Amino acid sequence: MVFAYMGPMERMPALPLFDFLEDVPDGEEVAADDTSIGSGGDAVVPCSWLHALDNVCDPFHVPILHGLISGLQFTDVLSGMPACEFASTQRGVKVVQERERSDGTTFRRVTEAMLPNIRLVPSPRPTTFDACNKVGWIVPIDDTNHRIFTLARVPKGGIPAELYRQTFEERGWHKLSEAEHQRMPGDFEAQVSQGPIALHSEEHLATSDRGIVMLRRKLREQLTELAQGRDPVNTVIGSAEVRISVEAGKFLIGSAS
Amino acid sequence: MAAPSEIEFRVKLARTGRTIPVLKEQSVVDALRAHGIDIATSCAQGVCGTCVIRVLAGEPDHWDMYLTPEEQASNDQFCPCVSRSKSEVLVIDL
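Residue numbers (numbering that gives the first Met the number 0), protein chains in the order written: chain A, 0 to 256; chain B, 0 to 93.
Hint data in this document are derived by calculation from the structure and do not stem from the laboratory.
As the structure is a computational prediction, the values presented were derived from the model and not from experiment.
Heads up, the beta-carbon is just placed ideally off N, CA and C, and yes, glycines get one too.
Check each hint, because a few of them may be wrong.
[Claimed, not checked] Facing chain A, from chain B, some residues (calculated, C-beta under 7 Å):
#1 CYS42
#2 VAL46
#3 TRP62
#4 MET64
Isolated chain B (complex conformation):
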């Protein structure tokens, strides 16, 4: 079990209400996978857009090169393979 200090932010799954911690050195995809939730990825570098997930609340920290600047600014989707969160909790459409 990770110490709380290593947790950078949390993702909340809107459909089940589950909250999953994302560690500093872990991608959101890896964090979800560690909790049995498999997100389809291809490039895992924020390029291809395979993993894009809708964001329902919170502010993502975009690191991808797939979404346009306008799409990133609207903060309603993100690439969980590389992007992170500016808010403590990111509510995602899972």
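Extracted from the complex, chain A is given alone in its bound form:
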């Protein structure tokens, strides 16, 4: 994966270094992916990149879309309704989702949207509990197309798309017919079917959408900052590197009774 900076040298921001990609345990390595992990469909997603960013701050679509509507697409541990806390962080918005388990423990899943376009979403597939081990850049191609580029920690030789891409009845999205896409919609169908650019004026937001509203407010604030000639959040100029300590992950709280 290559990052290019094309502005004046004296304004070059530091490249963010994510702790989980720097401190790689033995037997693992960092792999790059350009297939839009998290899109739930094609690598090039024919809708605004903001649809994909909304997704990160919308914890309730997980049990509803990926559990109820389409059958169990992730793990059963994610199928219950979570108790959610939405928090504004220094770098964006954090969503903490907790589910009580029958053995007395609590399953805590944390997702983060880092402005302007970074998704820190722990994989919903493997059932292990760990800090998030992948980061995705939701990159607009134009106003109505985007692609997600991901850096992920994998077992040596592992392929991120095989480990982390969504499956439908154990098949990848590309192996499904159009009728099956309609019968088992995932993120791709949910986001693309809103049209190339979702009209916020036609939405019916509810209390479950609080994270999305926080995220949009923060983005709008940053546009104001930019318009007034200031550097937006997460832009660090004049420093060689910036370490990012990620909060996202899947954690088991308490001990089983």
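Go by the hints and put chain B onto chain A.
Relative to chain A, chain B alone:
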């Protein structure tokens, strides 16, 4: 005409000086609408921020989830779809 006992507080419209009563079981948006003043709303649940109005005097009783705790504490704006008033009169920028 509502009996005075049903009135919880009043909103005063700064630009015209009109005072509008808000009943116990009525939102500020509904009270304004009943007097011909239409506030644009979307979610009507204190989430989206469409209806936010500036508060010029008085102390709002915030029930929304849109404003940050800091914004709520500064008491200079509120979401009339769900929020109410701690003071008898709330002067709003309408």
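These are the hints, each one checked on the structure:
1. Interface hint at B:CYS42: satisfied, since its Cβ lies 4 Å from the closest Cβ of chain A, which is below the 7 Å cut-off.
2. Hint on B:VAL46 holds. Least Cβ distance to chain A is approximately 5 Å, under the 7 Å limit.
3. Interface hint status for B:TRP62: violated, as the beta-carbon distance to the closest one in chain A is roughly 11 Å, over 7 Å.
4. Restraint check, B:MET64 versus chain A: the minimum CB separation of about 5 Å is within 7 Å; hint holds.
Hint 3 from the earlier list is the only one contradicted by this structure; the remaining hints agree with it.
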